[in-house]
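All chains, full assembly: derive it from the sequences and hints.
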Amino acid sequence: MNKVIISILGHDRPGIVAAVSRVLFEQNCNIENVSQTTLQFEFAGIFIVSMPADLSRQSLHQSLKEQMAPLGLEVHITPLKPIPAPVSLPECESYIITTKGPDRKGLVAGISEVIAKFEGNITNLQAVFKGGDDPGDNIMIYEIDVPAQIDQQALYQALRRRAKELKLEIDIQHRNIFEAIHRI
Amino acid sequence: MLTQREILSTLEMLKNENLDVRTVTLGVNLLDCASHDLDRLKDKIHTRISHLAHNLVSVCDQIGQKYGIPVVNKRIAVSPIAVVGASMSSSQLVDVARVLDAVAAEVNVDFIGGFTALVEKGVARGDHALIEAIPEALANTERVCASVNVASTKAGINMDAILLMGKAIKKAADLSAKADGIACAKLCVFANIPQDIPFMAGAYLGIGEADAVINVGVSGPGVVKNAIDRAFESDAKLDLGQISELIKKTAYKVTRVGELIGQEVANRLNIKFGVVDLSLAPTPNVGDSVGEIFQSLGLLSIGVPGTTAALALINDAVKKGGAFASSRVGGLSGAFIPVSEDLNISEAARKGHIGLEKLEAITAVCSVGLDMIALPGDTTEDTLAAIIADEMAIGVINNKTTATRLIPVPGKKAGDKAYFGGLLGQSTIIPVNNGRNLNPFVRHGGLIPAPIQSLTN
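Keeping their order, the protein sequence lines are chains A and B. Using our numbering, read the first sequence as starting at 1 and increasing by one per residue. Using our numbering, read the second sequence as starting at 1 and increasing by one per residue.
Keep in mind that the hints were calculated from the coordinates and are not lab data. Certain hints may be false.
Simulated restraints, written as ranges between beta carbons of each label pair [as the list claims (entries may be wrong)]: (1) D239/B with E169/A: 33 to 41 Å; (2) R183/A with K413/B: 49 to 57 Å; (3) N399/B with A116/A: 29 to 37 Å; (4) N140/B with V128/A: 54 to 62 Å; (5) D103/A with R5/B: 15 to 23 Å.
Straight-line alpha carbon distances no greater than 30 Å define the calculated DSSO-like cross-link-like pairs of lysine-lysine that follow [said to hold, decoys possible]: (6) K320/B with K351/B; (7) K412/B with K154/B; (8) K167/B with K319/B; (9) K66/B with K44/B; (10) K15/B with K130/A; (11) K100/A with K320/B; (12) K100/A with K249/B; (13) K358/B with K319/B; (14) K117/A with K15/B; (15) K3/A with K105/A; (16) K171/B with K358/B; (17) K154/B with K320/B; (18) K167/A with K15/B; (19) K167/A with K66/B; (20) K117/A with K171/B; (21) K100/A with K167/A; (22) K167/B with K412/B; (23) K164/A with K413/B; (24) K248/B with K237/B; (25) K154/B with K167/B; (26) K400/B with K412/B; (27) K320/B with K272/B; (28) K164/A with K15/B; (29) K105/A with K15/B; (30) K130/A with K81/A; (31) K237/B with K154/B; (32) K171/B with K412/B; (33) K272/B with K66/B; (34) K320/B with K249/B; (35) K81/A with K100/A; (36) K65/A with K117/A; (37) K171/B with K15/B; (38) K15/B with K100/A.
Every value quoted in this text rests on a predicted model; they were computed, and no experiment measured them. Backbone N, C-alpha and C fix where the C-beta goes; we use that ideal spot for every residue, glycine too.
Put into structure tokens, the structure is as follows:
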């Protein structure tokens with residue numbers, strides 16, 4: 001069975017998921033995973049879908065494009081490549097990095113560069129920049145996985161140094177503290 | 001995936017509401033250090049404590065940094081010295097206190113507790129020597145804390161021991177007169193003392209405990225106060241049942257922090273984890289006060305009518321939330337009301353909103369007792385003993401822990417200010433009814449028998 005990744009982008013409005021999933025149902029496709037988010041007023045959705053053998057990717061793309069065009073949505077579709085042989089991932093520790101500070105260009109680039117240097121993988125990033133100098137209006141929250149053998153002290157120090165250069169307040173905490181406080 | 005709200009609310013608790021782990025306390029069993037030879041005893045105590053505690057502070061700091069939560073105090077509690085040094089004289093026990101002080105300084109902890117005797121039913125020879133040694137031991141050391149259990153629901157109230165404590169407090173105050181009697185700030189008298197308190201000055205390691213244990217004291221009065229303020233801001237019509245629910249949820253979060261940090265410190269040190277003490281422990285800082293919570297609940301100040309009911313609500317909700325958050329709960333577990341250590345309560349004492357009588361009344365519904373109360377310097381040992389006896393009676397009859405930490409400030413009178421410094425804070429000296437006279441009642445001595453509710457078997 002062929003699998004594809006479909007991404008849908010456009011202004012958010014009621015009925016987008018319903019419209020996409022109706023086309024997929026009519027084309028006899030099976031939705032395996034969906035994730036959607038909205039940033040400001042923009043919708044982004046990713047669907048992993050398995051297609052029946054008699055349906056071509058081009059024809060599914062065509063039907064989706066026709067149905068989504070009236071809603072002002074763009075549709076991209078790409079084949080899902082088979083998963084490579086499983087590699088053993090290093091044991092990781094999860095940290096949450098939160099920054100607040102005046103808006104300027106290069107904040108995400110500056111912090112994510114340090115994370116990458118320590119082989120950290122960003123598993124979730126939420127950032128809101130409303131602009132201006134109010135630190136509360138400009139927040140980045142990174143959830144990262146860092147290999148356990150990485151020097152935690154060095155990571156903390158490097159992040160703090162970079163935050164200082166960028167005039168950001170930074171907090172770095174192991175993820176477990178949030179789990180402990182908020183989850184039963 | 002964590003939500004933005006979960007992350008930002010945690011940071012708010014840490015940065016603006018003084019959420020921290022108030023103390024990680026390492027309990028060290030010294031029972032097998034006992035020896036008839038003083039030098040050998042001192043040597044064994046020193047070796048045992050320094051071996052177990054040498055990296056306590058650095059491990060607590062590393063874990064505090066990992067989670068972004070400060071572990072404010074690192075402390076040590078040892079087996080009751082009256083038992084460990086039962087064969088020693090009182091002057092030899094002062095020497096032992098000096099060793100405890102020195103080793104505490106070496107491993108960089110701010111307090112070491114356990115200069116302790118358990119005398120609720122009778123005073124043994126070693127207990128007597130220890131009580132006699134207390135004034136000099138506390139006046140000549142910086143970090144040693146003493147506690148004496150003089151009453152229990154099962155044994156009754158040992159009035160002979162209470163009178164000895166009245167004398168010891170008076171002498172300790174005189175020996176530290178230049179520092180407003182600060183030696184007394186390191187001395188607690190208890191009824192029903194728990195074996196696993198992590199908070200000072202009452203911490204000691206109980207006879208029934210293991211070789212070493214990590215106990216944790218959480219805090220968080222600022223977090224509770226802010227949660228109440230926010231709730232009333234968004235809905236002014238909340239009733240007290242809803243407020244209790246809110247405090248419960250907040251106590252849950254605070255306790256989870258303590259448990260997480262305590263478990264990890266214990267794992268790292270390869271020492272058994274003991275308990276989380278669910279207490280609202282204030283410091284003399286704005287925003288870290290138990291007293292402020294009463295004002296958030298609508299009272300003019302702690303001490304005015306309504307205080308006891310409000311404290312009962314707070315204390316119960318803290319326990320309910322905490323007990324759900326951790327299955328290893330112990331110590332004192334309740335709200336502390338140390339007058340000089342809480343800026344707001346100290347201010348209430350200055351303005352006359354709260355006095356000795358109301359403080360005693362509210363200890364019937366909260367955890368500790370008459371804590372860090374500065375009294376006139378001419379308060380007699382009889383009166384001190386009588387105040388202790390009253391407080392012990394509340395604990396014994398209500399089957400709960402109560403304690404006193406009383407400081408008769410030498411040379412000062414009611415209305416004057418006493419300064420203890422640091423976490424111990426400062427306070428206006430409050431008056432004592434009939435304080436300067438003898439009290440024949442306490443001089444009768446003997447044992448006030450255990451109450452009928454002790455017969456539970």
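>> I want to verify a distance hint. Is the separation of the beta carbons of D103/A and R5/B within 15 to 23 Å?
In response: Holds, since D103/A and R5/B (Cβ atoms, about 21 Å apart) stay within the stated range.
>> Quick check on a hinted range of 49 to 57 Å for R183/A and K413/B, using CB atoms only.
In response: This hint holds: roughly 55 Å between Cβ atoms.
> When you check the alpha-carbon spacing of K237/B and K154/B, does it fall within 30 Å?
Replying inline: Distance of about 45 Å is beyond 30 Å: violated.
> Do D239/B and E169/A keep their Cβ atoms within the hinted range of 33 to 41 Å?
Replying inline: 38 Å, holds
> Straight-line Cα separation of K66/B and K44/B no greater than 30 Å?
Replying inline: 34 Å, violated
> Holds or violated: K164/A with K413/B, Cα cutoff 30 Å?
Replying inline: Status violated; Cα separation ~52 Å.
> Is it true that the CA of K100/A sits at most 30 Å from the CA of K167/A?
Replying inline: 9 Å, holds
> Taking 30 Å as the top limit, are the C-alpha atoms of K167/B and K319/B close enough?
Replying inline: Answer violated: K167/B to K319/B is near 36 Å, above 30 Å.
> Between K100/A and K249/B, is the straight-line Cα distance small enough, at 30 Å or below?
Replying inline: 27 Å, holds
>> What's the verdict on K100/A and K320/B, does the C-alpha distance respect the 30 Å limit or exceed it?
In response: Between K100/A and K320/B the Cα gap is close to 35 Å, so the pair fails against 30 Å, i.e. violated.
>> Just to be sure I understand the hint, the distance between the Cβ atoms of N140/B and V128/A should be within 54 to 62 Å; is that true here?
In response: Since the Cβ atoms of N140/B and V128/A sit about 59 Å apart, the hinted range of 54 to 62 Å holds.
>> Against the 30 Å threshold, does the CA-CA distance of K130/A and K81/A hold or violate the hint?
In response: Distance of about 38 Å is beyond 30 Å: violated.
Hints 3, 6, 7, 8, 9, 11, 15, 20, 23, 26, 30, 31, 35, 36 and 37 from the earlier list are contradicted by this structure; the remaining hints agree with it.
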